[in-house]
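Student: Going down the list, the protein sequences come from chains A and B.
Going by this note's numbering, the first sequence opens with residue 1, and the numbers climb by one from there.
Going by this note's numbering, the second sequence opens with residue 1, and the numbers climb by one from there.
Just so you know, the hints here were simulated from the structure itself, not pulled from any lab data.
Note that the Cβ used here is the ideal one computed from N, Cα and C, for glycine as well.
Worth double-checking, as some hints may not be accurate.
Unchecked claim - Derived DEER-like restraints, expressed as beta-carbon distance ranges:
{"hint": "1", "chain 1": "B", "residue 1": "Thr26", "chain 2": "A", "residue 2": "Glu181", "range": "48 to 54 Å"}
{"hint": "2", "chain 1": "A", "residue 1": "Pro133", "chain 2": "B", "residue 2": "Leu141", "range": "36 to 42 Å"}
{"hint": "3", "chain 1": "B", "residue 1": "Tyr22", "chain 2": "A", "residue 2": "Tyr15", "range": "39 to 45 Å"}
{"hint": "4", "chain 1": "B", "residue 1": "Asp215", "chain 2": "A", "residue 2": "Glu75", "range": "42 to 48 Å"}
{"hint": "5", "chain 1": "A", "residue 1": "Ala111", "chain 2": "B", "residue 2": "Leu117", "range": "30 to 36 Å"}
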Amino acid sequence: MADAVIQIRNLVKEYDTITALNGVSFDVKQGEILGLLGPNGAGKSTTMKILTSFISATSGQVTVDGLDLFANPIETRARIGYLPESTALYPDMVVWDYLVYCGEMRGFTRAQCHERIRSLAGRVGLIEKLKEPIHTLSKGYKQRVGLAQALLHNPKIVILDEPTSGLDPNQIVEIRQLIKELGKDHTVILSTHILPEVRQTCDRIVIIHKGEKVADGTIEQLEGKLHGTHELVVGVGWDGDDRGEPIRQELATLPGVLKVTHSHGASDPIRHQVFEIDAKQDMRAAIFAWANDRGHTLVELRRRSLDLETIFQRITSEA
Amino acid sequence: MKQIWVIARRELASTFDSPIAYISATVFLVATGLMFFFGIDGGDDYFEARQATLRPFFDAAPWVLAVILPAVTMRLVAEEKNSGTLELLVTLPVSDSRIILGKLLGSMGFLFVTLALTLVFPAVVMTVGSPDIGAIIGGYLGLILIGTTFLALGLMTSTWTHNQIVAFILGLLLCVFFWTATDALIKVAFDRPPMALRLLTFKTQFAAFAKGVIDIRNVVYFVSVTAVAVAASTYTLKSRNWR
Numbered sequence: 001m002a003d004a005v006i007q008i009r010n011l012v013k014e015y016d017t018i019t020a021l022n023g024v025s026f027d028v029k030q031g032e033i034l035g036l037l038g039p040n041g042a043g044k045s046t047t048m049k050i051l052t053s054f055i056s057a058t059s060g061q062v063t064v065d066g067l068d069l070f071a072n073p074i075e076t077r078a079r080i081g082y083l084p085e086s087t088a089l090y091p092d093m094v095v096w097d098y099l100v101y102c103g104e105m106r107g108f109t110r111a112q113c114h115e116r117i118r119s120l121a122g123r124v125g126l127i128e129k130l131k132e133p134i135h136t137l138s139k140g141y142k143q144r145v146g147l148a149q150a151l152l153h154n155p156k157i158v159i160l161d162e163p164t165s166g167l168d169p170n171q172i173v174e175i176r177q178l179i180k181e182l183g184k185d186h187t188v189i190l191s192t193h194i195l196p197e198v199r200q201t202c203d204r205i206v207i208i209h210k211g212e213k214v215a216d217g218t219i220e221q222l223e224g225k226l227h228g229t230h231e232l233v234v235g236v237g238w239d240g241d242d243r244g245e246p247i248r249q250e251l252a253t254l255p256g257v258l259k260v261t262h263s264h265g266a267s268d269p270i271r272h273q274v275f276e277i278d279a280k281q282d283m284r285a286a287i288f289a290w291a292n293d294r295g296h297t298l299v300e301l302r303r304r305s306l307d308l309e310t311i312f313q314r315i316t317s318e319a
Numbered sequence: 001m002k003q004i005w006v007i008a009r010r011e012l013a014s015t016f017d018s019p020i021a022y023i024s025a026t027v028f029l030v031a032t033g034l035m036f037f038f039g040i041d042g043g044d045d046y047f048e049a050r051q052a053t054l055r056p057f058f059d060a061a062p063w064v065l066a067v068i069l070p071a072v073t074m075r076l077v078a079e080e081k082n083s084g085t086l087e088l089l090v091t092l093p094v095s096d097s098r099i100i101l102g103k104l105l106g107s108m109g110f111l112f113v114t115l116a117l118t119l120v121f122p123a124v125v126m127t128v129g130s131p132d133i134g135a136i137i138g139g140y141l142g143l144i145l146i147g148t149t150f151l152a153l154g155l156m157t158s159t160w161t162h163n164q165i166v167a168f169i170l171g172l173l174l175c176v177f178f179w180t181a182t183d184a185l186i187k188v189a190f191d192r193p194p195m196a197l198r199l200l201t202f203k204t205q206f207a208a209f210a211k212g213v214i215d216i217r218n219v220v221y222f223v224s225v226t227a228v229a230v231a232a233s234t235y236t237l238k239s240r241n242w243r
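Same shape as in the complex, but just chain A (with noise of 0.2 Å):
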């Protein structure tokens, strides 16, 4: 992949007994927000500390913005941002300290860590806590503290292990507009259970399951690979008694309908039937131009997607 920032080829972590990553390969596009999820114990964290070099691999190769990850560990780390999941800060110290320590660790002077740390503090609201110990603080603003010390040198890749655990309903929402935000300047790695999240900030997800890369794409890649053929939920307006047996009849009579099955009636407050149909292709057009023709209502037409959890359900229960 031409545009890939972050390339990753058979990563092979073993610890004494378990193999937490067996021969992960994977690539992240420059401006991308990649979702790494698993169950627990998958092997997220294990790639994450990998790619931060907090942790080495046991074989593979990794390449951070065109450097070799492991013969370069020291510059490729000057280009990353960091928020660990546990984001453990010194609680003695107030959090203006912390991060001009932080910043002057990244090689910026006294003057250009103030400066810094004013344009990210209200990025990350943190304004009114710039003078308090991090003791006193609050587990979302802990974790605001430690998303501002991961972009506080303003990284080309940022790396964040479950960024909202922990954190109120209003938390969850502002970091993860935050993150879409990122999205814009920044490639980001994010590692998460919560799979709305996901759906809403994430560009492309890879699973990983059992120390294996078990999916790789967008959801809308993954949903047509679970499904294998085309699902539609069609309503169609009908007064009769027999639950739309004519009109299922004829549905199923469409070319490239496999099967028709007959889901409910309703009625709100147009009296219809609902049917969905299994197809070799997308037959959207198709059905509209057929009820046009025969003068049926089309109440509903739509492509039943699954959802997130579904998806990650299917892959990690195959694998």
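Given the coordinates of chain A, work out where chain B should sit on it, guided by the hints.
Tutor: Using the frame of chain A, we list chain B on its own:
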């Protein structure tokens, strides 16, 4: 280099943010003060000796440093491991050796502050007599060297564990062992201990400083042991990669 200073500054501030620093400094001042004025091991005390000298202080101080310095260094890495802050620290663009050197330098700040507080002893001696200034300077240089070596050993044990108490006990045992136990063991093993073996102990190496003699070989010895402990600490920190 800047990163080492940044870490050292944070460590020094954090050390003095904890009561352990104040307790350790107080213990050092009280213990060395008592031993200075009232003697150690039943020897002559300051008043009986009727000499303007700091020898009793320089004889006593390494003992107390061997006990208090591991208490100061125990948190350096063990606490970061336990709280999880180590993950953020080592994923910053800084090498493991700089992290260790920064932490050692920060803890040396505590040593310097504590030793500076004892300057009251030479001040007292100077008011009543004319002590050998060279001996005092030599003695303090020796304390800085042996203190730094104790700090490096304590730092090393702090990298071995998540538990600060374990780090303290191991550090204490190592410091006391190298200060005096090696000497005692050699004396038990040999009627006439070979000089080469006796030179391994901190006590032998420090003896010249206490007399005011600055021998470059003693300096090299303490610097070498410190360097080995720093290298071992860096190695342990790096070893997270292989687990």
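Student: State for each hint whether it applies.
Tutor: Here is how each hint holds up against the structure:
1. Thr26(B) / Glu181(A): 48 to 54 Å: 52 Å, holds
2. Pro133(A) / Leu141(B): 36 to 42 Å: Taking Cβ atoms as reference, proline 133(A) and leucine 141(B) lie about 39 Å apart, which means the hint holds.
3. Tyr22(B) / Tyr15(A): 39 to 45 Å: At 42 Å between Cβs, range holds.
4. Asp215(B) / Glu75(A): 42 to 48 Å: 44 Å, holds
5. Ala111(A) / Leu117(B): 30 to 36 Å: 35 Å, holds
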